Structures are given as structure tokens and as C-alpha cells.
Amino acid sequence: MSASTLKNSRMEFKTTQEVKALLTSAAGLTGLDLTSFVLEPALARAQQVIADSSRLQLTMAQQKQFCALLATPPAPSPALRALLQSERLVTR
Amino acid sequence: MSFVLETYDPGKSYTNQKKFKCGIGAIDRYARDKDKLHDRVARNLVKAFVLLDTQHDDQFVGYYTLQAHTVFGSHLVQLSNGFLPNDVPCVKLNMLGVDQTYKGQGLGRLLLRDAIERMVFNAQTLGIFGLYLDADPGAVAFYDRHSFVRLTDAQADQPTPMFLLIETARQAL
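Those sequence lines, one after another, are chains A and B. With our numbering applied, the first sequence corresponds to residues 10 to 101, in that order. With our numbering applied, the second sequence corresponds to residues 1356 to 1528, in that order.
Bound-form chain A, shown alone:
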């Protein structure tokens, strides 16, 4: 998701004049607007933090699906059977 997709939400921050001036001039040097300059690294960091986290938090709808799945485990699909019956990679 990039900062340039449909903007239907708003974030506001309090900061000092010095910080804002520094960010604005740095953004200017890169040719990005202030929002993209600030938001893009934060997004990349957020994705990394989520990828590193060892916990997936389910919404209520997902919890219902998950419970239903565990209550009645599906039989493997033909593709899964074929995959696990196929030849293994050579390991070293």
C-alpha cells in the first residue's frame, strides 16, 4: 500500500517547529512531499514489525472461521496430495 492510494483518513501530530522545519527541508531535498517523506518509512517499519511479531490477532469474524475450520478439518485437496507425494528437493 503506498501513500498515494485513496486518502480517506487523517492523522495529525504535535511536534516542535525545529522538527517540522528539518523534516520539510529534508523532504524538499528528496523531491517528496512532507506526507510521503514521513509516512513511507513508517509504513515499511510497520510492515516489518508485523512480519516480526509472533502473534496474529484475529478479528471476531476470523475467529469464527478459525473455529469452524478446526472443528471440521478439511480433507487434503488433490493438489496438496500431489505436492506431498512428489519428489523431494535434494538436501545437503
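Treat the hints with care, since some could be wrong.
Simulated restraints, written as ranges between beta carbons of each label pair [what the hints assert, rightly or not]:
(1) B:M1356 / A:T81: 38 to 46 Å
(2) A:K23 / B:E1472: 48 to 56 Å
(3) B:Q1433 / A:L43: 17 to 25 Å
Hints listed in this document are in silico derivations from the structure and should not be mistaken for laboratory results. All values derive from a computational prediction rather than experimental measurement. Ideal placement from N, C-alpha and C gives every residue a C-beta, glycine not left out.
Chain A is already provided as a structure; the job is to place chain B on it using the hints.
Same frame as chain A, but now just chain B:
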């Protein structure tokens, strides 16, 4: 073409690891940047398995990572009448990618096969419910075909959480 899979060793340098390009930015950066794949394996947060081209200087062709994980739902105990805990232990397949120059040879499938088999093997020595991953929009159909079930509530554009149950995988082995 001749390939070999080995456990990723952070003490070793792999030909072309820094140029790895499967086309998904996050998976590419994870392989290339020292503070990601390398450091996370060195810190025992993840285990990684790398596919090497033995005919080309053991070039880094693809990889996947596994880590201990929990699927959490604040109401799982209630919703399952006590059958499930709120924290469900599982294995997460965090990254899986094959370099673009090697696409179309079914190598991604073989990496997935290895990951599933290791998950089933792990389940013999500790309690886990299955294999969880976040699928990119372009990969959902691939995992769907292989019995991973979507846990949908995600907005389009976001990765889709998908889960392969240990029972389903065991039956296919």
C-alpha cells in the same frame, strides 16, 4: 539444472544473495538486507532454508523461513466451547520466494512442499495446530489450491492470512 536445499547459515556468504529478486519487495529485501534474514537467523528468531544452483557456483536461487507463532483470538476459548486456547500455537511460513531468473520450474512448489513436511515433522515433537502464512494477493490462489484456508476479513490490497491444518497435511503425506 541441479539444485540443493540447505539450512541457511548466517556465517556463510551466498553467491547473489544480495541481488535476490523474486519480484515481491518485502521478500527481496528480507533476503538482501543484513538486518533481516541474516540477523534474524543469527538471533534464533527464525530458521531459513535456501535453494542453491549447484551448477552455478551454488547461487542463491530461493529461500523460505519458518518461525514459532501464535494465532490469537480473544474469544477462541468461548467460541470453541473450550476446545481451543485463545493463543493457538502454530508454525509461520514468513517468507517464500524464488528468483525471477528461475521462475516457471516449479521451484516455489518444492519449497512449499519442504516447508509443509518440516511443519508435520515439528508437530511430532511439540504441540502445534498447523502452518500459518500471510499470502500476497497474487499468491492466494496458489495456497488455496494446496488446502490453505483463508481467514478473511482483510481489505483488498492487504496480505491474506491463510492456515493449513496439521490434520489436513498429515492425511496428504
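Comparing the hints with the structure gives:
1. Distance hint check for B:M1356 and A:T81: the Cβ-Cβ separation is about 41 Å, which falls inside the suggested range of 38 to 46 Å.
2. A C-beta distance of roughly 53 Å is found between A:K23 and B:E1472, which places it inside the suggested range of 48 to 56 Å.
3. Take B:Q1433 and A:L43: their Cβ atoms lie about 46 Å apart, and the range 17 to 25 Å is violated.
Comparing the model with each earlier hint shows a violation of hint 3 alone; every other hint is respected.
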